[in-house]
Amino acid sequence: MNRDIIHNLCMQQCSIQWRDFIGVFAQELIENLTTTNLRWLLRRTGQRFAKQHPLPECPTLPALEEVINTFWKSINWGSATINDTDSRLVICHYLAPLQISMLPENLAWSTGFLEGVYESWLHQSGADSSLLLLQSALDPETGTVEYRLERHSPDRLAG
Amino acid sequence: MSQDSDIQNLFRQFNGQPTQYKEIARAEQNESARQRWPLLDAIRLHQDPVPPVRLAATVHVTANTKDTEPAEQTHIPNGASSRTHIEETMLAPTQVEPPKTSWFRGADHEVPATSQEPPSEISAIAGTSHTARLFSAHQLVPIPPPKPEHASSPAIPVPPPLIRPAPIPAINQPTLTEQPAQTPLKNLFSRIAASSGAKGNPADLPLSRK
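Chain order of the listed sequences is W and Z. Numbering of the first sequence is given in the numbering used here, commencing with residue 14 and proceeding in unit increments. Numbering of the second sequence is given in the numbering used here, commencing with residue 113 and proceeding in unit increments.
Misleading hints may appear alongside valid ones.
Stated by the list, open to error - Straight-line distance between alpha carbons at most 25 Å, and here's what the computed SDA-like set of lysine to any residue pairs gives:
1. W:K64 - Z:L300
2. Z:K298 - W:T83
3. Z:K298 - W:L68
4. W:K64 - W:H165
5. Z:K298 - W:Q65
6. W:K86 - W:T157
7. Z:K298 - W:I113
8. W:K86 - W:Q137
9. Z:K298 - W:H165
10. Z:K298 - W:T94
11. Z:K298 - W:T155
12. W:K64 - Z:E143
13. W:K86 - W:R61
14. Z:K298 - W:A76
15. Z:K298 - W:A93
16. W:K64 - W:W90
17. Z:K298 - W:P69
18. Z:K298 - W:F84
19. Z:K298 - W:P75
Note that these hints are calculated values from the structure, not bench results.
Take these sequences, add in the hints, and give me the full structure.
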């Protein structure tokens with residue numbers, strides 16, 4: 014896919030009013046916090062966001078995916094796919110405004126926001142607390158990020 | 113001149129037997145008790161006669177006495193056993209116990225001098241303690257039985273019935289393997305939770321707390 018086309022589409026994801034402000038704010042955060050702490054901060058921000066925007070109860074995985082995409086579309090935050098494998102769920106999020114708003118070089122920790130959002134939504138939908146959602150892959154050119162829901166030990170989040 | 117000789121002389125005048133004389137001083141004691149305890153009249157007026165007294169540890173009513181009705185009560189405090197209080201009242205020397213030297217004090221108008229009571233019963237009574245004499249049925253006014261609530265109320269307050277708290281409903285905490293999946297989505301979560309877990313760390317940076 015043409016890289017420029019994708020960039021233009023991503024630019025449309027973020028409001029002009031807030032684009033520069035968030036970029037400068039992200040640079041300031043980098044000056045004062047480590048990447049690990051920033052990712053944790055964004056992750057908790059995503060959990061707070063999910064609490065403010067709870068999803069309705071969904072009986073099936075396709076229904077859950079539809080509800081999630083309906084919400085993302087309403088705020089112009091891209092879209093997502095949810096796939097079921099043998100032992101995990103794989104969530105891919107496309108065209109999130111994180112790459113444009115918080116600058117491409119900060120995708121290493123800014124994607125923690127979606128990680129917190131999805132994990133909270135899945136726990137709200139009935140996933141056990143032992144199931145954690147962690148980022149598994151990242152495409153810096155398109156900003157596509159992949160997350161996996163798997164069973165992890167509690168010390169997985171220990172620092 | 114002693115009281116005994118007076119009584120004997122009196123009986124001789126009427127050709128009676130001094131042994132047939134019955135001491136009815138209890139009536140006077142009852143009267144004085146009534147004057148001291150006005151509530152006693154109210155109780156006796158509105159209650160049925162007291163049933164026969166059963167033999168207790170401290171009550172000196174012998175088995176020989178056929179009539180074991182309790183003595184007239186002086187005052188029955190609320191909640192107390194009437195018979196227990198009778199014991200305490202009757203055994204008080206200043207109130208109840210007659211002089212040992214002379215049981216017979218004189219004829220009482222309520223009881224005829226020539227009582228129809230057989231001598232054997234009097235001798236039986238005379239052979240017992242003073243307390244037993246006090247419980248003679250022919251001298252005593254029937255004491256109404258205590259009210260059911262008083263009769264059933266023991267000296268020791270009955271503790272309130274234990275109020276068993278409502279059973280705490282069991283908290284349904286589904287486990288990883290026993291979680292009742294109601295929807296296909298929850299079944300999916302259960303299956304993932306029951307899996308062996310992540311085998312490799314994600315490619316991204318490890319997360320850590322601040």
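Results of checking the hints against the structure:
1. W:K64 - Z:L300: 23 Å, holds
2. Z:K298 - W:T83: Holds - the C-alpha atoms of T83 (chain W) and K298 (chain Z) are around 21 Å apart, at most 25 Å.
3. Z:K298 - W:L68: 15 Å, holds
4. W:K64 - W:H165: Holds. K64 (chain W) to H165 (chain W) sits at ~23 Å (cutoff 25 Å).
5. Z:K298 - W:Q65: The hint holds at about 23 Å.
6. W:K86 - W:T157: 16 Å, holds
7. Z:K298 - W:I113: 36 Å, violated
8. W:K86 - W:Q137: 20 Å, holds
9. Z:K298 - W:H165: Holds, at about 18 Å.
10. Z:K298 - W:T94: Since the Cα atoms of K298 (chain Z) and T94 (chain W) sit roughly 18 Å apart, the hinted pair holds (cutoff 25 Å).
11. Z:K298 - W:T155: Given that 25 Å is the threshold and the Cα spacing comes to 32 Å, the pair is violated.
12. W:K64 - Z:E143: 87 Å, violated
13. W:K86 - W:R61: Roughly 19 Å between the alpha carbons, so the hint for K86 (chain W) and R61 (chain W) holds.
14. Z:K298 - W:A76: The hint holds at about 13 Å.
15. Z:K298 - W:A93: 20 Å, holds
16. W:K64 - W:W90: Holds - the C-alpha atoms of W90 (chain W) and K64 (chain W) are around 17 Å apart, at most 25 Å.
17. Z:K298 - W:P69: Between K298 (chain Z) and P69 (chain W) the Cα gap is close to 14 Å, so the pair holds against 25 Å.
18. Z:K298 - W:F84: 21 Å, holds
19. Z:K298 - W:P75: Roughly 13 Å separates the two Cα atoms, so the pair holds.
Hints 7, 11, 12 from the list above are not met by this structure, while the remaining hints are.
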